[in-house]
Amino acid sequence: MHRQTPGRPDTLLTLEQVEVAYGGVRAVHGASITVGAGEFVALIGPNGAGKSSLLNAIVGLHPPGGGTIRWRGSDVTGWSPQRLLRAGIALVPEHRRILTSLTTEENLLVAGITTGARSRRRLAAELMERFEALGRRRSAPAGLLSGGEAQQLAIARALMSRPALLLMDEPALGLAPSLRSHVFDLLGELAGAGTTLFVVEQDARRLLEMADTAYIIRSGDIVASGPAASLAARQDLFEAFLGNGTSWSSSPSS
Amino acid sequence: MRDTGRRDSDRLIGRFVPEIGAAGLLFAAVTGLGLAYVSGGDAAGERLFTALLINATVVVGMQIFIGNTGILSFGHVGFGAVAGYAFVLFAIDGGRKSLLVPDAPFGLVDVTVHPAVAIGVAVAVSGVVATVVGLGLVRAGAASGAIAPTVITLSLLFATFEIAINWTDLTGGNRAGLSFQPGTAMTGRGYAYGAFALALAVAGLYRRSRTARLARAAREDDVAARSLGIHPAPHQMVALLLSVAVVAVGSSLRVWLTGTISPERFFIDYTLLTITMLVVGGRGSITGAILGTVLITVLTEVARVLSGPNVDPGPFDLILRPGLVDLVLGASMLGFMILRPRGLLDDWELADWLGRRLVRRRRGARGAIPGEAAQRLEFPERPQATTAPVRLAAAGVTVDFGGLRVLEVAHLLAESGRVVGVIGPNGAGKTTMLNTVTGVVTAAGGRFSLDGEDIAGLAPHRLARLGLARTFQNLRLFAALSVRENVEVAALAGARSARRAEARATGLLRLCGLADIADVRARALDYGAAKRLELARAAAQAPRFLLLDEPTSGFSEMESVIIVDQIRRIADVLGCGIVVIDHDLAFITNLCDQVYCLDQGSVIAVGSPAEIRTHPAVHAAYLGG
Amino acid sequence: MVEFAQQLIDGFGLGSEYALLALGIGLTFGVMRMVNFAHGELITVSAYVAYGLTLVGMDWWVLVPVIMATSIATSVALEMVAFRWVRGASDFAMLLMSFGVHFVVQAGFVMYVSASSRGFERPDWINRTTSVGGVRVEVVDIAVIVVAVVTLLVTLAILRKTIYGLAIRAAAENFDTARLLGVRSNLVIRSAFALAGLLAGVAAVLFLMRTGRAAPDAGLLPMLKGVLAALIGGLGRLQGAVLGGILLGIVEVQLVSRLPDELDGMVNGITFVLIALLFVFRPAGILRTRARERV
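Protein chains in written order, with this note's numbering: chain B, 746 to 999; chain R, 309 to 933; chain S, 14 to 308.
By construction, these hints were calculated from the structure, which means they are not laboratory data. Remember, it's a predicted structure, so these values are computed and weren't measured experimentally. Here a beta-carbon is modelled for each residue, glycine too, at the ideal position from N, C-alpha and C. The reader is advised that the hints may include incorrect statements.
As the list claims (entries may be wrong) - Partner residues are not named here, just some residues of chain R that face chain B (Cβ under 10 Å, in silico):
hint, residue
1, Leu513
2, Tyr514
3, Glu528
4, Trp656
5, Val714
6, Glu723
7, Pro733
8, Ser805
9, Thr860
10, Ala929
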């Protein structure tokens with residue numbers, strides 16, 4: 746049944762003309778993206794461009810309206826989130842979505858539901874050692890964590906399923922500048938450790954410095970892609986974000 | 309002036325003729341069916357027909373509240389019990405009464421009135437009870453949605469039942485109930501016809517009223533309704549009282565024509581029966597209520613006869629036994645909730661259908677409705693160019709969400725006749741700013757003023773009435789209402805004259821290019837039309853300030869151009885001030901006189917569009933430093 | 014003083030039965046956003062199991078686990094047969110769905126067992142009394158309190174310590190986030206119904222030991238009390254449900270002892286009216302819930 750995708754054998758995720766619609770809105774029009782093993786891919790674009798919609802489609806929260814999603818060559822379009830998680834795709838969602846009525850440790854444990862009880866507890870302990878702040882506040886209700894701590898929890902929680910690919914939706918959103926750079930340090934650390942990353946971020950310059958490959962999405966369309974460094978150097982990047990203004994200069998007069 | 313007179317008569321005909329026509333057709337259909345059935349002349353058939361008329365009255369009564377407010381009430385039969393006992397205690401003659409309830413309090417033993425008067429008493433007494441209950445219902449509904457009122461009404465049904473059983477001085481208790489000389493078949497049937505006709509007329513005319521339209525808007529979206537200046541509670545109360553009055557009439561007759569009342573007859577079984585009738589046909593429509601009543605009456609009657617002692621079940625012994633009626637009712641309810649939760653007709657209404665045909669006929673005859681072309685947009689107290697501009701000001705605004713500071717000492721100043729833009733990256737606090745100014749979110753600190761008056765801490769519907777109108781980032785239309793109704797409701801919320809409000813709605817529909825689809829339900833619109841409708845709806849409030857949250861989100865650039873044009877036209881007609889949030893700097897640049905840039909909850913730059921485009925802090929906020 | 018202590022024990026006993034039901038209703042509400050008006054059917058079914066098995070002479074000690082197992086199985090079965098079809102539907106549809114299930118089950122008992130109520134043997138120690146520090150208490154009261162408290166503690170432990178409990182709590186807070194973390198919808202919803210069935214089974218045993226009666230509508234009033242208790246505590250808040258149940262029991266016992274005798278039959282009615290009034294002043298229940306509306 747499974748068809749092998751043409752291309753590099755180490756390709757993890759392939760999106761082929763993926764479309765996403767919410768109600769009557771077509772949020773993504775036909776995105777084609779490839780993520781290779783060990784790669785750090787950035788997806789940047791203005792608000793409302795369809796970044797979060799695309800990520801939610803990849804993890805099965807809101808199945809795509811068209812196109813194909815392949816994981817290690819097999820068609821996984823329409824799979825449920827937990828099935829994709831077991832396959833190795835985890836998402837750090839926008840706004841972190843910490844479960845505030847659970848403790849820090851419980852947030853981690855519930856995220857390990859796809860693995861056995863013993864490895865779940867061992868992994869949670871490891872992560873609480875690695876993220877010291879979480880270890881210190883393991884029994885605190887997660888609703889009381891600070892913004893930075895909550896972001897660490899969101900990332901640690903996604904790691905509980907030992908994902909092969911980690912998707913991140915604006916991990917630095919709403920954090921103070923010092924904490925933002927902490928998050929970017931963390932991204933670098935994860936990338937250095939060989940984790941495959943697919944990151945959506947508002948802070949484009951910083952992200953482009955770190956990523957291998959980048960895609961720019963605007964109004965639901967991928968408008969540019971290529972090596973991150975070359976995209977960062979392009980003059981029209983700012984315009985791509987904020988609109989070039991030409992289409993507004995003459996509004997039809999009545 | 310002749311034109312205005314013609315328009316008024318057109319309007320009245322357009323509103324009331326279809327309702328009266330539909331009521332007449334429904335009345336004729338039900339009585340025709342019933343009379344055909346009883347033409348055989350057996351007593352059981354007569355009783356069934358009378359029961360059908362009475363049940364239809366009660367179900368239409370329930371539809372008034374449940375259909376228009378969207379609140380599921382299990383308590384209406386309890387109100388019916390109150391009415392039934394009130395009726396009995398006033399209607400039966402003294403001799404019989406001193407036998408049945410000799411210890412009745414308040415000197416009731418000596419009071420006997422004509423049955424028609426007793427029905428009036430029943431309506432009044434149940435109305436008083438409903439007023440008290442209703443106050444709690446609408447408050448609980450506002451706090452927690454549909455669930456709390458449902459549970460409260462169910463427990464009040466139980467309370468009525470228990471009190472009826474135990475207050476033996478008044479009710480004679482459960483075992484015997486109260487039985488008395490029933491109304492004779494002929495006079496009784498006359499009353500039943502009357503009650504049914506009354507129920508149809510009340511429900512139909514109420515449906516077209518301003519208060520009913522506002523109640524339906526709140527049913528569809530509470531937050532959006534409040535943002536239009538609609539305070540749902542009084543409208544829900546009106547629906548409840550009218551609804552209980554009709555149910556009280558039906559319940560009184562139910563008692564009188566059978567000559568007996570007991571707590572059991574107004575309890576959970578009758579609740580199940582009437583609710584099933586309502587939801588099977590479609591709670592959103594009077595026609596649906598009638599259809600459901602007829603269908604369920606037939607279904608339960610068949611089940612009752614088949615499972616009764618006179619039918620030999622033969623090989624169907626496992627099915628045809630006592631209890632079948634409840635099984636049929638319960639199963640119908642399950643089936644419909646799974647397969648067609650909004651009932652057979654959903655909210656299709658005979659009167660609307662008639663109305664559309666009528667309009668088409670008249671248009672066809674005369675080409676177009678006269679005066680329509682001459683209609684212009686009517687807005688009250690249109691600001692004169694000479695008066696000083698009105699200001700909307702917010703300063704030092706601070707908002708916390710569960711420990712997270714979303715806005716920190718932010719400020720905003722808008723002025724009538726000017727367009728102010730707010731930009732900023734995701735999470736900057738733009739929408740929160742708008743929600744705070746319109747009263748949806750409570751600020752931890754800050755000063756707010758409109759035209760020099762302090763408006764801090766006012767509820768959304770109060771602010772809307774003072775002249776703040778808004779749109780929502782994720783559309784909040786009244787999905788089940790038509791395009792025209794969506795706009796009309798907004799115009800009606802603050803208007804004194806319904807005629808002018810409707811005229812204004814018509815004008816705005818044309819201005820926004822929605823006139824051709826005015827009768828389409830909002831849920832059927834494509835995204836672009838839905839966005840334009842939300843803008844038209846906000847403008848229909850005739851606001852002093854229009855606050856728009858991402859009017860172009862989800863739009864292609866071409867569609868955005870249309871929206872910009874529309875916003876400009878509306879601003880021109882209204883002369884109001886506009887605050888528009890967007891992330892697209894190009895869009896903002898073209899539309900606005902002044903731009904605020906928010907980042908991390910604070911204003912990092914204010915200035916003309918040109919200044920903002922080159923501001924280093926703005927670049928940093930968008931692209932990172 | 015002694016009398017007051019007596020009443021408090023009675024009220025706590027009654028209230029903890031309500032708490033068991035309210036917690037079950039709160040759990041299923043948490044994962045499905047549905048108020049289960051058919052929760053009382055678990056008691057009705059248990060009552061008929063007790064009736065049938067005592068008829069063939071089964072001992073009460075054997076009966077207890079059988080009742081619990083039946084209650085759990087019924088709860089999960091109702092979800093699989095009926096409630097799964099309205100997952101994610103409107104409040105209106107879900108309320109009427111559970112209301113309809115109540116009537117279908119009730120009609121089933123009327124049709125295939127009996128419309129009238131059937132009595133059965135109760136354990137003989139049920140009426141014994143003992144004296145604790147001068148307060149005369151019925152053995153059954155003590156048993157009820159002990160069993161209910163132990164059950165609530167066990168449930169709490171399940172919710173805190175097992176992965177199923179964590180999943181239920183996660184889903185109750187935010188179903189989508191839970192799914193994102195790998196929680197399977199079916200698993201978590203059925204776990205919640207199973208746990209609610211267990212709690213109702215315990216409540217049924219306690220309830221039936223006192224009444225010794227099986228009737229098609231046996232579960233109706235307990236269900237309503239359970240729903241009200243959950244609502245008093247704030248729907249979806251599990252500790253609130255327990256608190257609401259105990260409060261309801263204590264108020265009810267106080268009413269019974271303070272009202273004049275001729276109003277005894279109206280205690281439920283008066284309680285319901287009081288609760289309706291409570292919602293006029295505290296529309297969201299006694300524990301204030303955080304407003305987290307996002308527009």
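Right, here's what the structure says about each hint:
no.	hint	in the structure
1	Leu513	35 Å, violated
2	Tyr514	32 Å, violated
3	Glu528	15 Å, violated
4	Trp656	23 Å, violated
5	Val714	8 Å, holds
6	Glu723	22 Å, violated
7	Pro733	5 Å, holds
8	Ser805	29 Å, violated
9	Thr860	8 Å, holds
10	Ala929	9 Å, holds
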